[in-house]
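Colleague: Starting from the given sequences, assemble the full structure and let the hints guide the process.
This note's numbering puts the first residue of the sequence shown at 2, with every later residue one more than the last.
Honestly, the hints are just simulated from the structure, not real lab data.
From the three backbone atoms N, C-alpha and C, an ideal C-beta is built for every residue, glycine too.
Any given hint could be a false lead.
Between beta-carbon pairs, the in silico distance windows are [as the list claims (entries may be wrong)]: (1) GLN72 <-> THR37: 17 to 25 Å; (2) GLN88 <-> GLY65: 30 to 38 Å; (3) LEU50 <-> ALA89: 42 to 50 Å; (4) GLY13 <-> ASN52: 37 to 45 Å; (5) LYS54 <-> ASN74: 44 to 52 Å; (6) LEU50 <-> LYS71: 22 to 30 Å.
Lysine to aspartate or glutamate pairs mimicking EDC-like chemistry, simulated, CA-CA at most 16 Å apart [said to hold, decoys possible]: (7) LYS44 <-> GLU33; (8) LYS82 <-> GLU33; (9) LYS36 <-> ASP79.
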Amino acid sequence: MNQERLMLVLRGPHVSEKATVMADKFKQFTFEVQKTATKPEIKLAVEQLFNVKVRNVSVINVPGKRKRFKQLNGKRSDWKKALVSLQANYDIDFSVTE
2 MNQERLMLVL RGPHVSEKAT VMADKFKQFT FEVQKTATKP EIKLAVEQLF NVKVRNVSVI
62 NVPGKRKRFK QLNGKRSDWK KALVSLQANY DIDFSVTE
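Modeller: Next comes the structure, spelled out in structure tokens:
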């Protein structure tokens, strides 16, 4: 696969209370990914970017919330979430300090 494409697949980590608990207990990390990304692309991108071995990738399409401001109705953008499970003895540390 194209190296440039793999670098653009991951948009960033999705940080929430649930995602933090899943990372601590089950070594399952949550990322926001491109809407066109596939499971094999996500797996290769995580393995190359963080030097880890991926066991499983689950993908969820998250619909945007409907919001209202006075008389104006609106909708946030839809996005895609990837849950990445790592193999034993591997971990990702997002809190890098210099």
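Colleague: Looking back at the numbered hints, which does the structure fail to meet, lowest number first?
Modeller: 1, 3, 4, 6
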